[in-house]
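Asks: As a plain string of letters, each chain reads:
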Amino acid sequence: MRAYLSAFRMRRRLEFQYRGAVLGGVVCQVFFGLILIAIYRALYAGKPQAMPLSQITSYVWLQQAFFRMLLASDPELMDKIRTGSIAYDLCRPLNLYGFYYVRIMAQKMTGSLLRAVPMLLFAFLLPEGWGLMLPASAAGLIWSLAGLLLGLLCVSALENITMGFTMRTLDSRGMQALLNLLMMILAGNILPLTLFPDSWQRVITLLPYAQLLDAPIRLYTGQTAASEAPRIILIQAAWILVLAGIGLLFWRVNQKRLEIQGG
Amino acid sequence: MNTIRLYLHSMRMLIRSQLQYPFSFFLQTLAQLVMEGGEMLAVVLLVDRFDHLNQWGAGDLYFFFGLMSVTFYLTECFGRGITGNFPYLVRTGQLDTFLLRPRGVLTQAMCSAADPRRITCIAVGIVALVIGSRLSAIQWTFAKTLLMAEAILCGCILILGLFMIEAIFSIYSVKSIELVNALTYGGRSACEYPIDTFPRPLRVLFTVLAPFALTLHVPGAVILGKPLFGWPAWAAWVSPLSGIIFFFLIRLCFRKAMRHYRSTGS
Amino acid sequence: MSYISVRNLEKRFVIREKRQEGALLRGKKTVRALQGVSFDVERGELLGYIGPNGAGKSTTVKILSGILTPDGGDVTVGGRVPWKERREHVRHIGVVFGQRTQLWWDVPIRDSYDLLKDIYRIPAGDYRTRLAELTEALQLGDLLRTPLRQLSLGQRMRAELCGSLLHRPELLFLDEPTIGLDAVSKLALREFLQWENRQQGTTILLTTHDMEDIVALCPRVMVLGHGRKLFDGALPDLLGRYDTLRTVTVNYEEPEAVPELPASIPLARDGKNLMISYSPQEYATAELIARLQAAGTVRELTVQPQNIDRLVAAMYREMDL
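Protein chains in written order, with my numbering: chain E, 1 to 263; chain U, 1 to 266; chain L, 1 to 321.
If we strip away everything but chain E, and leave its shape as in the complex, we get (with noise of 0.2 Å):
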């Protein structure tokens, strides 16, 4: 468990290096929010919705603030894997999925919350249908907490398997982006889920990646009702288990290939 907790860390610390870079990053990012609100606005004035469009704002902020989360980038890892080094963790005392597991973790955890913080405190200074609402209550808020804590752990499991693609082919940047690409239409970043036609989405909320942003974003918004929060976490948790035992698996079945073939 220590070993874990230390790898944690020192990812981390590492994120924390690149203060520079995450400046210019949230500023790039505000500004994008900024446009698809506008965009959104403008549809807005032309037909209203049933769902107001605060709430659209809010979901774009959020979605803006922690686009990191979703973003795969442990490209030390993925260098270690092409050129054969990751041997030398096949070494360690450990589970290598937990520890790249925790390593991941860590990395989108740090990555999005130095990110968000200060995204998301420039958004609550945005006037009203522009900027991010308060949680639409207490428990809302709480329940958002849990989902997004569970959305972390989803998407790290689901990044431990586009890993597992890239052991198996070496060379598999087409599958990354891949994967990638079908994560960021699927979880809400180019186009809010709530935004898709009503009958879509009963289909796709229920798939793991709507699990990640979406599933604690409408807790936040209230458009899932803290009533139905229990059901909602319970979804998750159930895609977590799949999606990390894929991964185990996929991992496993690797680890013993590698050891055969000596690296």
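Every clue listed holds true.
Straight-line C-alpha distance at most 30 Å; calculated DSS-like pairs for lysine-lysine:
{"hint": "1", "chain 1": "L", "residue 1": "K28", "chain 2": "L", "residue 2": "K229"}
{"hint": "2", "chain 1": "L", "residue 1": "K28", "chain 2": "U", "residue 2": "K256"}
{"hint": "3", "chain 1": "L", "residue 1": "K84", "chain 2": "L", "residue 2": "K29"}
{"hint": "4", "chain 1": "E", "residue 1": "K256", "chain 2": "E", "residue 2": "K80"}
{"hint": "5", "chain 1": "L", "residue 1": "K29", "chain 2": "U", "residue 2": "K256"}
{"hint": "6", "chain 1": "U", "residue 1": "K226", "chain 2": "E", "residue 2": "K47"}
{"hint": "7", "chain 1": "L", "residue 1": "K186", "chain 2": "L", "residue 2": "K229"}
{"hint": "8", "chain 1": "L", "residue 1": "K28", "chain 2": "L", "residue 2": "K84"}
{"hint": "9", "chain 1": "L", "residue 1": "K229", "chain 2": "L", "residue 2": "K29"}
{"hint": "10", "chain 1": "U", "residue 1": "K256", "chain 2": "L", "residue 2": "K84"}
{"hint": "11", "chain 1": "L", "residue 1": "K229", "chain 2": "L", "residue 2": "K84"}
{"hint": "12", "chain 1": "U", "residue 1": "K144", "chain 2": "U", "residue 2": "K226"}
Derived list of chain U stretches under chain E, where covered just means 3 residues or more per stretch with a C-beta under 8 Å from a C-beta of chain E:
{"hint": "13", "segment": "33-47"}
{"hint": "14", "segment": "50-58"}
{"hint": "15", "segment": "186-196"}
Quick caveat, the hints were computed from the structure, so don't treat them as lab data.
Fair warning: this is a prediction, and the values are worked out from it, not measured in the lab.
Positions of the beta carbon are idealized from the N, C-alpha and C atoms, including for glycine.
Please build the complex by placing chains U and L on the supplied structure of chain E, with the hints as guidance.
Replies: Frame of chain E, contents of chains U and L only:
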């Protein structure tokens, strides 16, 4: 003439290099399709829910989306040396190699990279243009076709100019390249929609500072028969030239940056 | 007027220091990379250019090749000022950086050459004859259809040389061309450079850390240190002037044998070997060897001159005095 031959020769070689890894190339091209397809899907779903955006109907919105998509990815496909690689060229000292040859630095940068994977993005853009033109019942004439070609060409040059800002930043080793990204990629995302969608500050930004609206939206609106800003039709022939003016202004700065580079060797 | 003429060349760099803890702005420091360097090179010369890292070698090469603009001094190469007439100038020069390639990684090298032909606007007929000539001299014939990534390091360097000589440059800059090469490749490369120099009359300026390159190729050698020219002349003169210390390694049959030497000469033991450093000016080599032989039965004895780094270090010492 000789420069164009050199460029075409380089493109042939670049594409052949990329095809050395066919499977990875195929998957990456597919990924590009998913990406641009996703962007298009977003427009389709928005149209499905909202019907129209200001005076623009479904066909108009697809048309504007296609215009931006084709322009942006043509630039990325054929100008990758400037749109993608420049900071890398500076970091690795490749820029020095350019200076050792009897050709312009920008020419060699243009010749140094291509991104044929973008072909699927361009294809999505063309599909959007065709659907948009059908839905909006555009009466195509020779003049309109020419105007669209002018808009796309000037748009490409404008985008090259925008990416050159990134090149200039990297020469002065300014780190906040993300800020330029806000202008280039932000401009692309925003100007997939006609300029009157946006509040005044953004409108000014994308009309005056990074004139996407002048290069793409003004002629696009004339082709759709709904001129922007109440401008006369001839204005649509003139306004795309702003993209070329922008490019030449940035090129002046680029020259200055190169002089700086050659005196500091940074 | 000589082919290359360099007068009082000056170059300063402003280096931004790492931000100090608590300081608002980063400090700046000016480094004088070149402090008034002058030299002349005649057409067809083969000149070795040596000095430790940071001595100003690559700055000089960058200025001579037109990449960098100097802060002071005059340079002409074949009557042109490199940084003022860059394009015209680089048409007449070739450059090979030991660790950087100008060829394409994934396509056959012949295709890279075809592109270089277009870049340098080489007429088709001239290109064909020159390529044939170079591929023969560099033994590249069988490799022309091979992508660069599949070539060995030695083959790659040969391919690189061919690429930089296609346009018949008058002047060739080589930066550590033999780095990482095996002995056979090194010898072949040196032979080729001599051939090119004699056959085409190409002026060659070679920077290297490998003294064997200099010994084999360069009748004239120039030493740079701290941005100043420290030596310019024939290699034996350099060795004679600065070769103040030599090292003798001796191995005796008798393990306990110790030669009687003046106290000023240090003696070190390395396993079975005795190492003695001495200055031939102060102590005659013949005398030393006689004493060493008197102390026991010599199994093996070698006398080594200084290596280049020690020589340069000796030059620094002399400068500081």
